[in-house]
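A.B. asks: This is what each chain is made of:
There are 4 protein chains.
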Amino acid sequence: MGSGIVSNLIKMGHTVTVWNRTAEKCDLFIQEGARLGRTPAEVVSTCDITFACVSDPKAAKDVLGPSGVLQGIRPGKCYVDMSTVDADTVTELAQVIVSRGGRFLEAPVSGNQQLSNDGMLVILAAGDRGLYEDCSSCFQAMGKTSFFLGEVGNAAKMMLIVNMVQGSFMATIAEGLTLAQVTGQSQQTLLDILNQGQLASIFLDQKCQNILQGNFKPDFYLKYIQKDLRLAIALGDSVNHPTPMAAAANEVYKRAKALDQSDNDMSAVYRAYIH
Amino acid sequence: MGSGIVSNLIKMGHTVTVWNRTAEKCDLFIQEGARLGRTPAEVVSTCDITFACVSDPKAAKDVLGPSGVLQGIRPGKCYVDMSTVDADTVTELAQVIVSRGGRFLEAPVSGNQQLSNDGMLVILAAGDRGLYEDCSSCFQAMGKTSFFLGEVGNAAKMMLIVNMVQGSFMATIAEGLTLAQVTGQSQQTLLDILNQGQLASIFLDQKCQNILQGNFKPDFYLKYIQKDLRLAIALGDSVNHPTPMAAAANEVYKRAKALDQSDNDMSAVYRAYIH
Amino acid sequence: MGSGIVSNLIKMGHTVTVWNRTAEKCDLFIQEGARLGRTPAEVVSTCDITFACVSDPKAAKDVLGPSGVLQGIRPGKCYVDMSTVDADTVTELAQVIVSRGGRFLEAPVSGNQQLSNDGMLVILAAGDRGLYEDCSSCFQAMGKTSFFLGEVGNAAKMMLIVNMVQGSFMATIAEGLTLAQVTGQSQQTLLDILNQGQLASIFLDQKCQNILQGNFKPDFYLKYIQKDLRLAIALGDSVNHPTPMAAAANEVYKRAKALDQSDNDMSAVYRAYIH
Amino acid sequence: MGSGIVSNLIKMGHTVTVWNRTAEKCDLFIQEGARLGRTPAEVVSTCDITFACVSDPKAAKDVLGPSGVLQGIRPGKCYVDMSTVDADTVTELAQVIVSRGGRFLEAPVSGNQQLSNDGMLVILAAGDRGLYEDCSSCFQAMGKTSFFLGEVGNAAKMMLIVNMVQGSFMATIAEGLTLAQVTGQSQQTLLDILNQGQLASIFLDQKCQNILQGNFKPDFYLKYIQKDLRLAIALGDSVNHPTPMAAAANEVYKRAKALDQSDNDMSAVYRAYIH
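Residue numbers (the working numbering), protein chains in the order written: chain C, 292 to 566; chain P, 292 to 566; chain W, 292 to 566; chain B, 292 to 566.
Some clues are possibly wrong.
As the list claims (entries may be wrong) - List time: in silico EDC-like cross-link candidates among lysine to aspartate or glutamate, alpha-carbon distance up to 16 Å:
#1 P:Lys435 x C:Asp483
#2 P:Lys349 x B:Asp379
#3 B:Lys435 x W:Asp483
#4 C:Lys435 x P:Asp483
#5 B:Lys349 x P:Asp379
It is worth saying that the hints were derived from the structure and are not from the lab.
In isolation and in its complexed conformation, chain C is listed as follows (with noise of 0.2 Å):
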C-alpha cells in the first residue's frame, strides 16, 4: 500500500491501523498519521475492516493463524484481502472467515508501486457484496476504479488472467528489444516506432525505458509476475486450457530468476535473452 493511500484513508476521517512484519516499513504510514498494530489480530480487533496484502498463497493462509488474524475474527468483522492468489486458496480463507461469523471481500489491485502510492490502482473485488459498497471509500482512496466480479474467486482467476497478460506481454517486448540490438538495430528507435503505432502504451513506454537506461527498480516484482504466470497456468490446467504463451514466457521469467533477478523489476526479464 503507498502512503498517499492512508493519506487519503485518514483525510477521510478513518482511523487506521498498520502491521508488518518488518515494522519499519509501518513508519511511512505512522508519519501519515496511523496507528500501530503490535500484530495482525490486534489490527483485527481494533478495526471494522482490515485489508491484508501479502506476496503468495502461502503468506495468505500463514497470517490467518495461529497466532493471527483468525483470532480477531467475531461475528460482524471484515476482512479483505488484496494479495493475488489463486481461487482455490481464496475461497478457502473466504470459508474460514465467514465460518466465524466474519465478512469476506477478495480485492486484489492491478498497478504498480508508482501507481499504488499515488491512489490509482485499478480494484478487482469480489465476494460479498455489502462489504464491497462498505468498502466503496476506502477503494476510492487507493484506486481509480473498482470492479465487482460476483462470487470469491472471481477477482482471483481474473487478476491472474491480468497479469498472465502483461507477463507475456513483457516478455514479448523484452524479445524483440534484444532481437533488435543483436541484430544491428537501434533500441530507442524501436521503442520510437512502437510509440507511433496502435501498440504504443504507458506499460510499453516505460518499460522499454527502464531497459534502455538499465533501471531495473522494482515497480512490480519479477518473482511477483512469474508466481502469477504460474498461477495462471495452473488455472488454465484445471481447466484443460492450454496457454502456451504463458508457458513460454513463465520459462522465460524463471531463466531470469536463475540469474538473480527474483527482486528486480519484472522488466529484468531482458536479461534472460541476453545471458
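Guided by the hints, dock chains P, W and B onto chain C, whose structure is given.
C.D. replies: Coordinates of chains P, W and B only, in the frame set by chain C:
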C-alpha cells in the same frame, strides 16, 4: 495502398500510374485520378519513382522479372519497395536495381488497412538516403511518420521485429480472453479492466472489440502476421538469438491457419484457442 | 498393482490384505488368495507393511485420514507409498507417519499396466533404509529392479523426471507421426525407419503401434502423465530451472485433455495434433 | 562418408573417385584405393554414378555450378545427393539434373560418424527408381538398410521428420539430466533407471554417457541438428501443421549455438540448460 494516399499524391501535383495483377483493385485509384499502367515495366518506364507493395519475399522477386520491373529500370530510375520481407530478399532486390543504375529504397509500412486509407501509416525506410529525401512529400501523403534506418536491410529487420511484437501480443490477448471465458469470467469486463490499466492501447482495444463482436474482417491478414513471425524467427536464427515467445505464437497461428483463418484478421488467432 | 504381484507375494509366504475404494477392483486379488480389508485403517492394523498406490497428491493425503491409514499407524508399523506425487507431499506424509512412530518409505514405480501384471516394474525407493531392505522380497515380486535413492523426496523427484522425459518424448513421437501424415509420408515407414536406427526402443515401438492401430486403451493414463509433467515443471520452478520441452509438452497434453482423452493412454496425445 | 564405405566399394570392384573442398579430407579414402578428382565436374565426368553429401541447402545448390557438377552431367549420368536438405531444394536439384538428361536420386542418410565408418547407415532414397536399384550394391556398402520412398522430395521430408524426432528427444534428455542435477539427484542413477525401462535405446545411453563424461566430440554436429529442426518446422509451416515440441527444441539449440556449441555434438545442447 489506400485510396486516400493516391488522392493526397495527386493533390500535391504528382502524376500517379498504378498497376495490380487484379486490375479491378485499381478502380478506386483511377477514380481518384490515377492512370492505369498495363505492366509493372510500363509503370517503371512512365514514372520517376515506383512504389511497390507485394505479399511476401517470392512475390517481391517475381515482380522484378522477366517481363517486370527490371525492364523499365534505367540509370536514375527510383524503385521503392514497401513490402514486408526479409533482409536477404531486400538486399538482393537492391543489388539488382542498383546494378542497372537504378536507385533503391526499402520502405515497409507499419499499420493496417484503416490507417492506410487515412494516410496514417508509419514508414520504415532504408537504403538510398537521397531517394528517401526525394520521397518525403510522398511519404507525408502516406504516413504520419517515417524513419530512415540506414543501409538496406535495416528496415526489413526492424519491421519484422515490430510485427513480431505485435503478433506475439495478439496471441497473448487471445489467450487471456479465452482463459477468461473457460473460467467463467466476462470477456467484456476483462477488456474494461485492461483498458483502465497501463496496458491500454488502441491495438488492445480494437482487437478485443473484434473478438467480442466475432468480427474477423481482415485489417491485417492472419497469414501475413504468421509469415512475419516466421521471418522474424528466421532473423533470430541467423544470429543464434532465441525467440521463444515468437516461436510459441507462430505455432498458435499455424493452428489458426489449419482452421482456415488465413484470410481473416490476425485477431482470428482467437479461434485457435477455442477449437 | 497387477494380480501377478499378489500371486508372487502369496507364493513367497506373505499374507496379503487388499483394499480399494471400488471393492470390485480387488476381486482378482482375492481369487489369487488375498484377503479383503474393510478400510485402509484395517489393512494397516492387520499388516506389518502397508503398500499404498493412489492417483495424485490429494488422494495420497486423503487416504491417511480422518478414518484412514493413520488410525492404524502405531510404533513399528510400516507404510510404503508407491504413488507418483511431488516431493513436498511425500515429505509431509513421511512426517505424519513418523510422528506416530511409524516407518515410512516412498516407492513410486516406473512402468505400465502390462509390466505391473508381469512383476517387471522399476521401483524407486527413498526414506527408511531398513524398511527398504525389509521390503526386498516384496519388491522382487513386483519389479525387475529397485533403486534406493536416499532421503524422502528423492524418489518422488526422480520419478517425476523419468516421467517428464517419457511424456515429452511421447509428444515428440506424436508430432513426428502427424507431420509424416500431413506431408504425405507413410507413418508405418517412419516407424520402420526409427526402429532401424539408434532411437529404437520398446516404448517408441509400442506407442507408435498403438497410434497406427488407433488403439488408445490405457496403459499409462494420459491424465496421469499430464499430472506428472505439471509436477515436474513445478519441481523445476522450485529451483528456477527452465524446462521448455516439458512446458511445451504439457500444453499439448492439456489440449488432448480438452479433447476428452484423459482416460485414454498417453499415446492419445496424438489426437491433440490432428484436431 | 566413412573410409569403411570406400573400402567396401573398392572390394566390390567399383572404381572410386573422390573430391572435397578441403583436399586433405580425401587422404584416408586415397589410402583405401580411391582416386582424387580435381573438381566436382571431373568426378562426374569420370564416374557413372556420383554421390554427393554436403552440409545444407545452399551448399547442395552451389556444388552444381557454375564450374561444378552440372558441367559433367550428360544423358545417362547419375547423380545421388545424400545431403539432408529440404524438399524444395532437392526438387530443384532434380529438375536441373534431369533437364540435362541426367538421372537423379536423393538419398539422405540417418546415422552418425561411427555408423558411417562402419557402413551401418540407414539410407532414405527417393526419385529415380531404376537408379535406386543400380545403387543397391553401393548402398549395401554404406548402410544396413535402405528405403525407397517414391517421388523426389519424400526422402528429404522423411529425413527431416526423423531428425526432428531425434533433435527434440535430445533436448528432452538434456532437460531431464539437468533437472536431476539441480534438484540434487544423481545423473548416473537417472541414466541407470532409464536404461532399465522401456525408453532404453542406444541413442539415450550414448548421449547420456557423452554428457556424464563431458565429451561433446561431434558425432552429429549440433549446428546440423538445429538446421534440421529449422527445416522440419518450415516443413510443418508449409502445410499449417503445428510442431510445438520442435519449436521449443529449436529455441534451446539456438541458445546452445549462442554459447559456441555449433561444432560440438548435438548432446552439447545440455550446455544451454546449465548456462
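A.B. asks: Does P:Asp379 sit within 16 Å of B:Lys349, going by the straight-line distance between their CA atoms?
C.D. replies: holds, 14 Å
A.B. asks: Straight-line Cα separation of P:Lys349 and B:Asp379 no greater than 16 Å?
C.D. replies: Roughly 14 Å between the alpha carbons, so the hint for P:Lys349 and B:Asp379 holds.
A.B. asks: Straight-line Cα separation of P:Lys435 and C:Asp483 no greater than 16 Å?
C.D. replies: At roughly 13 Å apart (the allowed maximum being 16 Å), C:Asp483 and P:Lys435 satisfy the hint.
A.B. asks: Would you check the hint for B:Lys435 and W:Asp483, treating anything up to 16 Å between C-alpha atoms as holding?
C.D. replies: holds, 13 Å
A.B. asks: For a C-alpha distance cap of 16 Å, please report whether C:Lys435 and P:Asp483 respect it.
C.D. replies: Holds - the C-alpha atoms of P:Asp483 and C:Lys435 are around 13 Å apart, at most 16 Å.
Going through the hint list in order, the structure satisfies each hint without exception.
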